[in-house]
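Residue numbers (our numbering), protein chains in the order written: chain H, 1 to 288; chain V, 1 to 343; chain P, 1 to 491.
Just so you know, these hints were derived from the structure itself, not from any lab.
Even glycine gets a Cβ: it sits at the ideal position worked out from N, Cα and C.
Accuracy of the hints is not assured; some may be wrong.
Unchecked claim - Here are a few chain P residues that face chain V, going by a calculated C-beta distance under 10 angstroms:
# : residue
1 : G195
2 : A308
3 : L312
4 : D344
5 : L400
Claimed, not checked - In silico negatives: residues of chain P with every beta carbon more than 12 angstroms from chain V:
# : residue
6 : L319
7 : L338
8 : F370
To be verified - Now the in silico label distances, taken between C-beta atoms and shown as ranges:
#  : chain 1 : residue 1 : chain 2 : residue 2 : range
9  : H       : V110      : V       : N29       : 52 to 58 angstroms
10 : V       : R219      : P       : L236      : 39 to 45 angstroms
11 : H       : A3        : V       : V21       : 27 to 33 angstroms
12 : P       : P271      : H       : A3        : 32 to 38 angstroms
13 : V       : R204      : H       : L115      : 58 to 64 angstroms
14 : V       : R219      : P       : S62       : 40 to 46 angstroms
15 : V       : I35       : P       : T347      : 47 to 53 angstroms
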Amino acid sequence: MNAFLQGCLLQTTPLLLTSLGGAFCRTAGLVNVGLDAFILVGALAAEVTGAATHSALLGTAAGALAGALGCFLMGSVITGLGANPIVTGLGFNLFSHALCRLLVKTAFGVSGLLLLASCPKLPAVSLPVLGSVDILTLLAWALVLVMTWFLDRTWLGLHLSAAGSEPAMARTVGISAPRMLLFSTVVAGALCGLAGADLSLGIVGAFSDDISSGRGYVALAAFYIGRNRPLPTALTCLFLTALEELATRAQVLNIPVSLAQAFPYISVLVLMLLQTLRTRHRHGGTLS
Amino acid sequence: MTGRLSSHLGPIAGALLAAMVVIGLCGFNPFESLILIFRSALGSPAAIAQTCSSAAPLVLLGLATGICFRSGVFNVGLEGCFVLGGLAAAVTAGHCSTLPAPLAILFPLLAGSVAGSLWMLVPAWLVVFRNLDDVVTTLMVNFVALDLAAWLVERFFLAPGSANSATAMIPAVTHLPDVGFPGLNLSFIISIICVAFYAAWCSRGTLGYETRIVGWNRRFARATGFGVRRILVSAMLLSGGIGGLAGAVHALGTVHQYVTGFSAEYGFLGLTVAILGDNRAPGIFLASLLLAMLVVSGIGIQLISDVPEEVTRLIEASFIIFASVRFTGFGRRLRNWREGNAR
Amino acid sequence: MTGLSQPRITLRNITRVFGSHRANDDISLEIERGSIHAFLGGNGAGKTTLMKMLQGLEQPDSGEILFDGASVSLGSPQDAFRHGVGMVQQEFSIIPQLTLLDNLILGAEPRGRWGQIDRQKALHDAERLAVLAGVSIDWSLQAGDTPLHVRQIVEILRGLYRGSDILILDEPSAVLPREQVQNLLSLMCSLRDRGHTLIFISHKLDEVLAVSDRISILREGRHVATLPREGATHDLLIRHMTGEAPRPAPRPCEKIGSPVLEVDALSIRDPRGVMRVRDASLRLCEGEILGIGGLPDAGQIELLECLAGLRLQERGRILLKNQPIERSTPHTRRTVGLGYLSADRATESLCLQASLQDNAIAGRHNVMPFSRWQMLRPASISAHVHALLDRFGVRRSDDLLAAGHLSGGNQQRLAMARELDAGPCVLLVAQPTRGVDLAGIHVIHSLLVKFAEEGGAVILISEEEAELQTLSTRRLTLHDGILVPEAELAA
Numbered sequence: 001m002n003a004f005l006q007g008c009l010l011q012t013t014p015l016l017l018t019s020l021g022g023a024f025c026r027t028a029g030l031v032n033v034g035l036d037a038f039i040l041v042g043a044l045a046a047e048v049t050g051a052a053t054h055s056a057l058l059g060t061a062a063g064a065l066a067g068a069l070g071c072f073l074m075g076s077v078i079t080g081l082g083a084n085p086i087v088t089g090l091g092f093n094l095f096s097h098a099l100c101r102l103l104v105k106t107a108f109g110v111s112g113l114l115l116l117a118s119c120p121k122l123p124a125v126s127l128p129v130l131g132s133v134d135i136l137t138l139l140a141w142a143l144v145l146v147m148t149w150f151l152d153r154t155w156l157g158l159h160l161s162a163a164g165s166e167p168a169m170a171r172t173v174g175i176s177a178p179r180m181l182l183f184s185t186v187v188a189g190a191l192c193g194l195a196g197a198d199l200s201l202g203i204v205g206a207f208s209d210d211i212s213s214g215r216g217y218v219a220l221a222a223f224y225i226g227r228n229r230p231l232p233t234a235l236t237c238l239f240l241t242a243l244e245e246l247a248t249r250a251q252v253l254n255i256p257v258s259l260a261q262a263f264p265y266i267s268v269l270v271l272m273l274l275q276t277l278r279t280r281h282r283h284g285g286t287l288s
Numbered sequence: 001m002t003g004r005l006s007s008h009l010g011p012i013a014g015a016l017l018a019a020m021v022v023i024g025l026c027g028f029n030p031f032e033s034l035i036l037i038f039r040s041a042l043g044s045p046a047a048i049a050q051t052c053s054s055a056a057p058l059v060l061l062g063l064a065t066g067i068c069f070r071s072g073v074f075n076v077g078l079e080g081c082f083v084l085g086g087l088a089a090a091v092t093a094g095h096c097s098t099l100p101a102p103l104a105i106l107f108p109l110l111a112g113s114v115a116g117s118l119w120m121l122v123p124a125w126l127v128v129f130r131n132l133d134d135v136v137t138t139l140m141v142n143f144v145a146l147d148l149a150a151w152l153v154e155r156f157f158l159a160p161g162s163a164n165s166a167t168a169m170i171p172a173v174t175h176l177p178d179v180g181f182p183g184l185n186l187s188f189i190i191s192i193i194c195v196a197f198y199a200a201w202c203s204r205g206t207l208g209y210e211t212r213i214v215g216w217n218r219r220f221a222r223a224t225g226f227g228v229r230r231i232l233v234s235a236m237l238l239s240g241g242i243g244g245l246a247g248a249v250h251a252l253g254t255v256h257q258y259v260t261g262f263s264a265e266y267g268f269l270g271l272t273v274a275i276l277g278d279n280r281a282p283g284i285f286l287a288s289l290l291l292a293m294l295v296v297s298g299i300g301i302q303l304i305s306d307v308p309e310e311v312t313r314l315i316e317a318s319f320i321i322f323a324s325v326r327f328t329g330f331g332r333r334l335r336n337w338r339e340g341n342a343r
Numbered sequence: 001m002t003g004l005s006q007p008r009i010t011l012r013n014i015t016r017v018f019g020s021h022r023a024n025d026d027i028s029l030e031i032e033r034g035s036i037h038a039f040l041g042g043n044g045a046g047k048t049t050l051m052k053m054l055q056g057l058e059q060p061d062s063g064e065i066l067f068d069g070a071s072v073s074l075g076s077p078q079d080a081f082r083h084g085v086g087m088v089q090q091e092f093s094i095i096p097q098l099t100l101l102d103n104l105i106l107g108a109e110p111r112g113r114w115g116q117i118d119r120q121k122a123l124h125d126a127e128r129l130a131v132l133a134g135v136s137i138d139w140s141l142q143a144g145d146t147p148l149h150v151r152q153i154v155e156i157l158r159g160l161y162r163g164s165d166i167l168i169l170d171e172p173s174a175v176l177p178r179e180q181v182q183n184l185l186s187l188m189c190s191l192r193d194r195g196h197t198l199i200f201i202s203h204k205l206d207e208v209l210a211v212s213d214r215i216s217i218l219r220e221g222r223h224v225a226t227l228p229r230e231g232a233t234h235d236l237l238i239r240h241m242t243g244e245a246p247r248p249a250p251r252p253c254e255k256i257g258s259p260v261l262e263v264d265a266l267s268i269r270d271p272r273g274v275m276r277v278r279d280a281s282l283r284l285c286e287g288e289i290l291g292i293g294g295l296p297d298a299g300q301i302e303l304l305e306c307l308a309g310l311r312l313q314e315r316g317r318i319l320l321k322n323q324p325i326e327r328s329t330p331h332t333r334r335t336v337g338l339g340y341l342s343a344d345r346a347t348e349s350l351c352l353q354a355s356l357q358d359n360a361i362a363g364r365h366n367v368m369p370f371s372r373w374q375m376l377r378p379a380s381i382s383a384h385v386h387a388l389l390d391r392f393g394v395r396r397s398d399d400l401l402a403a404g405h406l407s408g409g410n411q412q413r414l415a416m417a418r419e420l421d422a423g424p425c426v427l428l429v430a431q432p433t434r435g436v437d438l439a440g441i442h443v444i445h446s447l448l449v450k451f452a453e454e455g456g457a458v459i460l461i462s463e464e465e466a467e468l469q470t471l472s473t474r475r476l477t478l479h480d481g482i483l484v485p486e487a488e489l490a491a
């Protein structure tokens, strides 16, 4: 039981960090489909820097930096060049995938898995009941609180939500929506980069080009379901991960791997459906 | 006219520039890579024929995406239709070896199309009748389709003795025949016919008119008595059908089986094609040819040089990134930005 | 010190040209400190452009703007704000997702050490402003849940909170209930008495005459006259605005035919579950124009949408030409003989991106003569639409132009042309003249009267008392969701 809880908590971390980033972007008015890209970039940067400096913390910082830079680039394409955010996000996902493969291939001569022996693992902290978890897990849950405070209590958070919900109206009081959006992409990118670092320095312990395994997309759904609020989003992430953990354990019960892989996506759809059923109930119907 | 043309060339130029910078930073000569790409895609008549054939699924996916975009549904779920359509076609083709050639091709194509349409029922129901977010829903459904296809192959259609999950090679009679030129197969003709139909459908068809109005203004459409849900579902199913057909054409014309990695992100390339082509028939056709060059050259370039395939993937991805960029209005955006700054 | 003797705002030879259109043509005038200065003019008279220049959203091509006698350059809204200009938008810039307090302080929050908002201090300031304005407001409510007039007051107070002493109010009363308009006008007067300068833009002459100190009239981009209130009369203002004497309003005839629409015990709930209309029953006859008045948001729109089939009723029956239609789709209702002109012209009556042709055939595009075998017939469409738009006097350069290029009045004519072309027996009309200038109003009223005279029946919803008065043959009032005959309400 404890192993299950610990597993859930550990596996939630990258998804949680990513969806917090996504929720932050969404608050500023950007549906960020490119989260996956920045997980990947962050994971690679963390692995390489970690190995080069023999420091997991420096690796983590490098991951966050790389993610922030990448996401900022995406934000600039969207705000500066007026690109469609969804198409651009998808493009960044493919781009970072190709870029990471290319870099790994040219710099290390391997394709697929990159395991650097000199790369340290993330330091762990021992908790009562849950056992040992890595520090990024603690950071992620602390960030849930910090983000709630930030969005509700600070002027920057207020400006962010104002610009996100009604950019034209915000402009009349002197808030620049593009600027808020760019700010949010930097934060979101850094969070995705942290998620990547957590994968390559923690959970997986190596870099591979499918290391994110669609977490960016699931995160997208998670903050939709959590309506961009940090705590509900975090709980959704925890719930989705718990379901997935159950599913992997159920593989013993003869569920084929390929179907089990579809499990998070199906559960996302079911959750969204349940959510609309509740609102539908309140709204009544329409003709046509 | 020149304004419209330049607004399409802008993204292409931007994408090439960005990709070349990145390729250069990765230590390859960007100009050399570009020339290699041109050479392997357009260097010989055979290469040109292959590029045209490979453009066919992209054209069809672009049309399918365009139909949904026009009706205001941001459908990114054609990857799933493409994969399932391809699988359905490959499996059906396996049972068609004894039929005469036209039927042996027609049945798998139909099967692919029906499979795509049926699969699109899922997101259509969720998006139109349950009001789920179109982007998230169609994205999720995509992944489910990929996993479902993998499972179906493993469980039912695995080719005997195959190591990775792949169906058996389809019989030669079901291969799309070459038309007029070696390497240029029937798929190109199919795509041209579909482009013509799409153009007519947009300008003359009542459903084309209805999707346009619904896409622009759903409230207006409802108030003037359009059956909004019927129109949206029709558009999505039609789009799914064409997406499935694209998969079938890809299976019968190029791959000749269903295998893991059947779709090299074709669904997203279709999205790019639709956006680069501004949902218009000629634009979609030209954009498909452009992207097909990259798709085709990816394999060739690795054989004739030490430039890895990923370089073409990078360029493909930058096309997607820049597809929706419009360089007009840049000054206005810059001014908005400055005003926000000057507090 | 010079400021006291100088006018607060001076405009000198302001000209602004868009393409071939002179939106403002050599406008010069002065606005005194501590006064309410009204601007009148039809659509396209240049009021909006002029105001945009004061807000820094547009810059004059030539001429200059002086504040307190000193020339200023207003390059952005922030420049204007620094010079004390505050704007009360026609469509409010209140963000519905935020609380009223957050809306008030947005962009000028009292900040703590960690960047947190000092909401205590903000609330204190807010209360002080509310007292000053003589209103009481629950600042913790989400703006989207509060009535429009509260949002409007908050918008005005925001200008004060941010230290503006010039307030531009663009059609502030357009969306307010009648008795709230009184409150708004007295708030305006009390602000003027405290030394603020108010610029008041309105179509409603009565309101302008009630509070303004001076009235400037624009016509076709030119400054026609500036009158002190004492010298202004209703007729004089209209003559200046239109360049001609007021025309008599059209009157409907009183020939009543047989009943066409019967509504029996109709109840409607809104999405949040609040009962908006309770047991409404009415009977509408040919040749009638039934005016339904009442406070804004009292359920009129819901009633009309329900009749049009855009909203499901909780219970009740609707008979159109003796056919039950309460379960029918909008399409079926339209085929039976219902026409609907929404209050929301820009998003529901018309599709502004689509061409005039597309707008004119919408809803009947899949029947002859417009289409056959699921294919449109462009030749017969363009012939039909061309004749139709000519008949309704829609001024346009091309039938394939997007509808968004038309002026407000022409847009409404286009929508009416489509609805009347379908040959309905009942026409549901909401706010037909909102945002339409005087000449346009006259045309729209005549069309409605003509439709009724030819045997059509109209249900008219309007917030303009005068409009209901002139057009209706019979009147009902919605009061808290209950339909009451006008006479009973008065009693």
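Violated hints, by number in ascending order, as checked against the structure: The structure conflicts with hints 1, 3, 5, 7, 8, 9, 11, 12, although it agrees with all the remaining ones.
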